[in-house]
Each structure stands twice: as structure tokens, then as C-alpha cells.
Amino acid sequence: TQLLEQSPQFLSIQEGENLTVYCNSSSVFSSLQWYRQEPGEGPVLLVTVVTGGEVKKLKRLTFQFGDARKDSSLHITAAQPGDTGLYLCAGAGRDDKIIFGKGTRLHILP
Amino acid sequence: EAGVTQFPSHSVIEKGQTVTLRCDPISGHDNLYWYRRVMGKEIKFLLHFVKESKQDESGMPNNRFLAERTGGTYSTLKVQPAELEDSGVYFCASSQLRARTGELFFGEGSRLTVL
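Line by line, the protein sequences give chains L and D. Just so we're aligned: the first sequence equals residues 1489 to 1598 in this note's numbering. Just so we're aligned: the second sequence equals residues 21 to 135 in this note's numbering.
Be a bit skeptical, because a hint or two may be false.
Stated by the list, open to error - The list that follows gives simulated cross-link-like pairs (lysine-lysine, DSS-like), each with its CA atoms no further than 27 angstroms apart: (1) L:K1547 with L:K1558; (2) L:K1558 with L:K1585; (3) L:K1585 with D:K74; (4) D:K98 with D:K64; (5) L:K1590 with D:K61; (6) D:K61 with L:K1585; (7) D:K35 with D:K98; (8) L:K1590 with L:K1544; (9) L:K1585 with D:K98; (10) D:K71 with D:K98; (11) L:K1590 with L:K1547; (12) L:K1545 with L:K1590; (13) D:K61 with L:K1558; (14) D:K64 with L:K1585; (15) D:K74 with D:K98; (16) D:K98 with L:K1558; (17) L:K1544 with D:K98; (18) L:K1590 with D:K64; (19) D:K71 with L:K1585.
I should point out that these hints are in silico values taken from the structure, not numbers from a laboratory.
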């Protein structure tokens, strides 16, 4: 059974600080996606990484896919209160099934 | 363009009753997925439609769950009879491309509470 371990589960930091969220698995994924979910809404895709070692940037967010395509990280620089939310990583296998991590609940204090 | 819509947003039923959840995908999206999040756990795959055909239903918990997608448009997920452990948020998602390459667009979810 494929599993995605996401850490930390909860993170509360001050505005302006940097943070990194990790997503790890013993399985290889065809691609890995990061979603953000607001209360009462469904997950919204932030980025998809496909190639081992790939790095993608989205403003202050940097996403990296591990060389072996088993892990990924999300780094936020100078966090802002608007970054508060639930961040989910999700891996796609060759069978097209998406496996989600449990999520990281991020709270940025003003 | 309308996004993925789900109905109802919240349903409270008693154990043993039946509930039907509906999902209207984005127009033109052949791929439709059902997921479920039980409290404290990760979002889990239930099944995948390509048009009206079930591509993969390996995530369906048991035969109390029945999903249909007649005509390849909207989909329904029926739980009959509902049990306490069925409580959770049921998400529907659609995409043009297959999930591993395309973007999944999620609905807001249907929260099911079984008492």
C-alpha cells in the first residue's frame, strides 16, 4: 500500500518567518501535486512536479521533487497571514490513482 | 465557467437510512473521481469514471456504496444502508486529462453525518 507521510501536521509561526513542509514515501510516484484547502472548500491545485529533482516556484512558495521521485518539499519564504490554510501533498502512481497525505495545517500569526 | 458542484453540502441521517450524493463535473471533463475524508485521516480515493464507465472502483469500501454516471455527465454516490463509519466529507473531482498529468478540480464536498 502506498503511503505519503506529511510533516509537520501542525505548524504555527510568526509572520515573516520561513517554513518547510515535507512529504515522504517509500514509493515512487509518476508525479506529485501540492494542494491548498480552505475551510468549507475542496482542495485547489498549487503545483504539479513530474521530473526527479524538479524545482518550481510560485511567488514565495518553492516546491521540490526528490531525485528518486519519492519525496517532496514545500518551502514558504516570509510567511504571511494569507498563507494560513491546509496544505496537502498528493502522489500519482502509474495506475492514475492519487494518494493524499494527511495534510499540514499552517497558521501564520500576524 | 462553473466549477465542480456537489449536492447536498451537508446531510445528517440516521444509521440504516439511505443517502444519495450528487456531483456535477466541469462540462467536458471525461474523468470524474470520488474521494472521501474521514475525520483525522487522509483523503482517500473511492473510484474513477471515464465518461460513463467505471475505470477503477478499487477504493469503494463495500457493497453498501453504489456510484453511477449515466450518460457520462453528472454522477451520484449512494450509500445504503448508511453506517456510523460512513461519516465524513465526500469530495468529487473532475479533470480533462488523467489525474497523474492533469489538474484535478475539486468540488466543495458533501459532509455526511450518520447518527
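Q.
K1585 (chain L) and K74 (chain D) were given as a pair; does the straight-line alpha-carbon distance stay at or below 27 angstroms?
A. holds, 13 angstroms
Q. Is the hinted pair K1547 (chain L) and K1558 (chain L) satisfied, with a Cα-Cα distance of at most 27 angstroms?
A. holds, 24 angstroms
Q: Compare the distance between the alpha carbons of K71 (chain D) and K1585 (chain L) with 27 angstroms, and conclude whether the hinted pair is satisfied.
A: holds, 17 angstroms
Q) Is K1590 (chain L) within 27 angstroms of K1544 (chain L), Cα to Cα? A) Given pair K1590 (chain L), K1544 (chain L) holds - Cα atoms ~22 angstroms apart, limit 27 angstroms.
Q | Agreement of K61 (chain D) and K1585 (chain L) with the hint, judged by alpha carbon distance not exceeding 27 angstroms | A | Given that 27 angstroms is the threshold and the Cα spacing comes to 17 angstroms, the pair holds.
Q. Holds or violated: K1590 (chain L) with K61 (chain D), Cα cutoff 27 angstroms?
A. Holds, because 6 angstroms separates the two Cα atoms, which is no more than 27 angstroms.
**Q.** Satisfaction of hint between K98 (chain D) and K35 (chain D), Cα-Cα up to 27 angstroms
**A.** Holds - the C-alpha atoms of K98 (chain D) and K35 (chain D) are around 14 angstroms apart, at most 27 angstroms.
**Q.** 27 angstroms limit on alpha-carbon distance, applied to hinted pair K71 (chain D) and K98 (chain D)
**A.** Holds - the C-alpha atoms of K98 (chain D) and K71 (chain D) are around 18 angstroms apart, at most 27 angstroms.
(Q) Holds or violated: K1585 (chain L) and K98 (chain D), Cα atoms, limit 27 angstroms. (A) Distance ~21 angstroms between K1585 (chain L) and K98 (chain D) Cα, so the pair holds.
Q.
What's the verdict on K1558 (chain L) and K1585 (chain L), does the C-alpha distance respect the 27 angstroms limit or exceed it?
A. Between K1558 (chain L) and K1585 (chain L) the Cα gap is close to 15 angstroms, so the pair holds against 27 angstroms.
Q: Decide if the proposed pair is consistent with the structure: K98 (chain D) and K1558 (chain L), CA atoms, cutoff 27 angstroms inclusive.
A: violated, 35 angstroms
Q. Taking 27 angstroms as the top limit, are the C-alpha atoms of K74 (chain D) and K98 (chain D) close enough?
A. Status holds; Cα separation ~15 angstroms.
The structure is inconsistent with the numbered hints 16 and 17, although it conforms to all the rest.
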